[in-house]
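Q: Quick mapping for you: the protein sequence lines, in order, are chains A and B.
Sequential numbering from -7 applies to the first sequence in the working numbering.
Sequential numbering from -7 applies to the second sequence in the working numbering.
Just so you know, these hints were derived from the structure itself, not from any lab.
Careful, some of the hints might be misleading.
When chains are identical, the list treats them as one kind, so a pair holds in a single copy or across two.
[What the hints assert, rightly or not] Subject to a maximum C-alpha distance of 16 Å in a straight line, what follows is the list of computed EDC-like cross-link-like pairs (lysine to aspartate or glutamate):
no.: 1; residue 1: 199; residue 2: 210
no.: 2; residue 1: 87; residue 2: 171
no.: 3; residue 1: 221; residue 2: 183
Only a predicted model underlies this, so the values are computations on that prediction, with no experimental measurement involved.
Residues per chain, in single letters:
Number of protein chains: 2
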Amino acid sequence: MISLTVIGKGNVGTHLYNRFLEIDAVDSKWIDSRNLNSIEETDITILAVSDDAISDVSSQIENSFVVHTSGSVSMDQLQNKARKGIFYPLQSFTKGEIVDFTKIPFCVEAENTNDLKLLEQLVELLGTKSYQISSEQRKKIHLAAVFANNFTNHMYKISKDICDSNQIPFEILLPLIEETASKIKNISPGEAQTGPALRNDQKTIQKHLEMLNQQQKELYTKITESIQKHGKKL
Amino acid sequence: MISLTVIGKGNVGTHLYNRFLEIDAVDSKWIDSRNLNSIEETDITILAVSDDAISDVSSQIENSFVVHTSGSVSMDQLQNKARKGIFYPLQSFTKGEIVDFTKIPFCVEAENTNDLKLLEQLVELLGTKSYQISSEQRKKIHLAAVFANNFTNHMYKISKDICDSNQIPFEILLPLIEETASKIKNISPGEAQTGPALRNDQKTIQKHLEMLNQQQKELYTKITESIQKHGKKL
């Protein structure tokens, strides 16, 4: 049996606590970060608060093992006096949406092997995979995720803008989007790259530029340039 | 029964012909574009050749109804004397890969209603959805697909480059990539947008820029700028 306390009632805290409730081998408590006076000692104290609040809130916790759930805050920014660790679920959580934890990889880090094992055990109870990742690596993952998630979503946004301006239902592109995301499970993105930029098909590139507004044009040019320099398989 | 001839033995021609063979209500023939002397009259003649060859090959065909399968070539570039049309599957075909036609939307266009109905009937036999799309709209779809497929794949590429340089297994990002592609089935990309660019989180943006090489930095800056100007829901 692992006992734990989830601190924080935002998206991550809520989704985690609800999931822990379903696991018999976990005894979980849930408190708001403004109610730290009611905190009890547990095997793990999981701080699911905003990045900016991690230092301040952790400095008020006297529990023996405190971890946070952030992708971009290093372990040493935890200000509790006892043991520290990281328990970072690599996924974007949306309020109200159902979360399938079996599909979410966790990045774990701790100061000693026993704590690391405890975190790995907890991830296993969630039914998913853990990766031992240093704070330095975690920052890079967070950056890589900006490209793979935020920037990719912006490509979808522009794609939809083009459809909307031409009375084309955006749903027509959804199978292609799905296939693009799915393909890289089997081959690397470098191998999967296709299109006018990679072929240096100037005729098509010029036609495309003529159809875009100024902001889209600059973006198209910059990404085309990047594909031509670095898009291929190394 | 629909009789048809597929001309062209590249990816699209091969995948289409193999699929037609499975459909009882379709009687299909398959020829190479260099063997046009062996062509017979059929209800539909499907020209699945490279964009540049469409005008030349079509000018040599005397069949009654000729369609091509390209996303970026307009209907009037068909040079056959009889009726013309478009039968464009919106997907990227990879050689050797299994293609599930039930998930591929088709853009159809024709000069008259009867031909349009015939193409829609053929798409229905393939088990998927057809969209009546003009040549002008089709060009815009092709452009939108460059963002949704080619440019998105390049975001994955940079993401993987960052992982590779830091001994991080890229597989850790696959669930996030899948979730990002899946989310926009339910909410628009404008509503789905998250991240430091949209929040204008300058602290994180600066940290990210410091971790990137020159080319990646320029791309990061340009996309961040675009998200801040046009990333939000309109």
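Q: Indicate, hint by hint, whether the structure satisfies it.
A: Do the hints match the structure? See the list:
{"no.": "1", "hint": "199 to 210", "in the structure": "within (14 Å within a copy, 24 Å between copies)"}
{"no.": "2", "hint": "87 to 171", "in the structure": "between (27 Å within a copy, 14 Å between copies)"}
{"no.": "3", "hint": "221 to 183", "in the structure": "within (15 Å within a copy, 32 Å between copies)"}
When the structure is compared with the earlier hints, no violation turns up for any of them.
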